[in-house]
Amino acid sequence: MILLQCVQLSKSFGAEKILSNVKLEVQSRDRIALVGRNGAGKSTLLKIIAKELSYDTGDLIIPKNVSIGYLAQDSGLNSHRSIWEEMLLVFEHLQRMEQSLRKLEEKMSDPSDSNYEKVLLEYDQMQQDFKDLGGYQYEADIRGILSGLNFSSFDYSTKINTLSGGQKTRLALGKLLLTKPDLLILDEPTNHLDIETLTWLENYLSGYDGAILVVSHDRYFLDRVVNQVYELSFNQTIKYIGNYSNYLEEKEKRLEIELKNYEKQQGEIKKLEEFVQKNIARASTSNRAKSRRKQLDKINPLNQPQIDDHSAKFRFEIQKQSGNDVLTVDQLVLGYDKHILIENVNLKLTRGESVALIGPNGIGKSTLIKAISKKLKPIEGNIYYGSNVAIGYYDQEQTELSSNKTVLKELWDEYPQTIEKDIRTVLGNFLFSGDDVLKSVSDLSGGEKARLALAKLMMKKSNLLILDEPTNHLDLDSKEVLESALIDYPGTLLFVSHDRYFVNRMATRVVELSEKNVTNYLGNYDYYLEKKLEQEEWKQLQEEIIANSSTNFPSRPSENQSVRTDYEREKELKKIQRQRQRKIEELEKEIEQAEEQIASWEEELCLPEVFQDHEKSLELNESIEKAKENIHSWMEEWETLQLEES
0 MILLQCVQLS KSFGAEKILS NVKLEVQSRD RIALVGRNGA GKSTLLKIIA KELSYDTGDL
60 IIPKNVSIGY LAQDSGLNSH RSIWEEMLLV FEHLQRMEQS LRKLEEKMSD PSDSNYEKVL
120 LEYDQMQQDF KDLGGYQYEA DIRGILSGLN FSSFDYSTKI NTLSGGQKTR LALGKLLLTK
180 PDLLILDEPT NHLDIETLTW LENYLSGYDG AILVVSHDRY FLDRVVNQVY ELSFNQTIKY
240 IGNYSNYLEE KEKRLEIELK NYEKQQGEIK KLEEFVQKNI ARASTSNRAK SRRKQLDKIN
300 PLNQPQIDDH SAKFRFEIQK QSGNDVLTVD QLVLGYDKHI LIENVNLKLT RGESVALIGP
360 NGIGKSTLIK AISKKLKPIE GNIYYGSNVA IGYYDQEQTE LSSNKTVLKE LWDEYPQTIE
420 KDIRTVLGNF LFSGDDVLKS VSDLSGGEKA RLALAKLMMK KSNLLILDEP TNHLDLDSKE
480 VLESALIDYP GTLLFVSHDR YFVNRMATRV VELSEKNVTN YLGNYDYYLE KKLEQEEWKQ
540 LQEEIIANSS TNFPSRPSEN QSVRTDYERE KELKKIQRQR QRKIEELEKE IEQAEEQIAS
600 WEEELCLPEV FQDHEKSLEL NESIEKAKEN IHSWMEEWET LQLEES
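Just so we're aligned: the sequence shown equals residues 0 to 645 in numbering that gives the first Met the number 0.
Check before you lean on any hint, since a few could be wrong.
No farther apart than 20 Å at their CA atoms in a straight line, the calculated lysine to aspartate or glutamate pairs in the EDC-like style are these [said to hold, decoys possible]: (1) K319 to D329; (2) K369 to E399; (3) K573 to E608; (4) K460 to D487; (5) K238 to E248; (6) K174 to D154; (7) K63 to E51; (8) K478 to E187; (9) K238 to D476; (10) K531 to D193.
In case anyone wonders, no lab produced these hints; they're calculated from the structure.
Construct all of the structure, not just a fragment, from the sequences and the given hints.
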């Protein structure tokens, strides 16, 4: 069922064109990502769809019975109610039904009433409706959502207006999820979520019954949640099938094909034009030249592929190499106003490492790197720095920037010996050009401030970079550029990030900070997840064996070889099961994409210019037959795996 259609939508703010002839379609259970640069118009399009903004031309088609829920970027609940009271508002209709049921129960207590049978029938029908609408589980649904969004430790009587901005935003998301609209529109829903909560949200959205349209800069989130991507570029949309990683691959292929076709046609046009120019005046070749001119007139010229390559360009260099031992943190205790936040922290960094510091919100990650960056004095313990270590610190709050300065002065005052031309060149590489460098820092957007802070960091040429959420506020392209620059960086990295895609690409070691200790994982984020899963499986197996055995379970598996063997066997079985499930999902995706491709080819075959072209028709038919053979083969494999699974 089609839930939404945007047909040739256009929108301008004054003389500035934001959207032009935008096409977008959402069907039941679609998971769609809307991607594009900051300022491309993504949030504007979402507001138009949510009917919070008008549009200039085109059509927005939404069936009357389709419900839409919209979460704007960083929109938090502003309410004098408690957490529980606010969530209950979603189920006012069920609460009214519940009150009506109680009244009917009172009437049913008197069998002598002349309307007794009628009351019984009315009660039975209302009770069934109440059950079908989730009347017996809505309180459990509220608790489940609040727990998933990291409110399980809260007193639900807490007033919302006493919470932080991030907590209010999470509650706004929770309230929206409880409404369960047919189409869920989310603008940057991953802001203010830690990794554990992000994982919960991904799992929740994967099983969501409705359709989802989302804008997010979290590439890991997009890879796990969406199955279609609409790219908003040059005021228009282009549709891609698959998740974010697939979109990147398909976009590159599409641009390559379009460029080849354009260049090929330009070559043909040039040859024809040269032939006409040389031969039109000769009597002997005039007719052939006229024939070529007719060919030229019939050619429908292709537009040169537009490449939106307006990306920052930079690299991090170092002034001097550090020693092999870069940093040692020994029994560190940190806090504010004598309130201890973290204690007994031990950490070592060696030259060339790229270490990700992860953990739940509020655990003290930013506090720890502030102490390492000499921005905060420890309560106890020591931090030892290696020889020639020069620290460059990136603060997610951009407190290092002076709000009363211009962009140019912000950088130039820091490096007064550098000539203005070179300062402007650096700023240009970070997309500050022309009059942009005269803007006040206080007037910059979050993304612009992030780029300015990175420009200052690059100029410092430090050999130890300490970064606190460096990808916050950056668009997807800027994140890619930052990652490429950091991968080539010859120094040492220590960073805090909730961007799992970034952690996966950058980290050579993951350090997990918890209330009890610091745990090291010698690999990237995927390796960390794998090890965490193994630990959880081992813990569950321990509990199962303890529950089913009267003997004491050993504290270490190596103390009892038979237990170890059981564990290894169980672990291997679960691994095979996970592999089988992943293969099933991959096959389903392949089949779905192949079916969509066949439908596209069959539509193309109906075009007059195609079915009249024998070679093109033959080529398309062969492609369709080959795709059908692939589907048949995949279906057989899928059925075999499903039988094994059952």
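Against the structure, the hints come out as follows:
no.: 1; hint: K319 to D329; result: violated (26 Å)
no.: 2; hint: K369 to E399; result: holds (12 Å)
no.: 3; hint: K573 to E608; result: violated (54 Å)
no.: 4; hint: K460 to D487; result: holds (13 Å)
no.: 5; hint: K238 to E248; result: holds (13 Å)
no.: 6; hint: K174 to D154; result: holds (17 Å)
no.: 7; hint: K63 to E51; result: holds (17 Å)
no.: 8; hint: K478 to E187; result: holds (15 Å)
no.: 9; hint: K238 to D476; result: holds (18 Å)
no.: 10; hint: K531 to D193; result: holds (16 Å)
Hint violations for this structure: numbers 1 and 3, all remaining hints satisfied.
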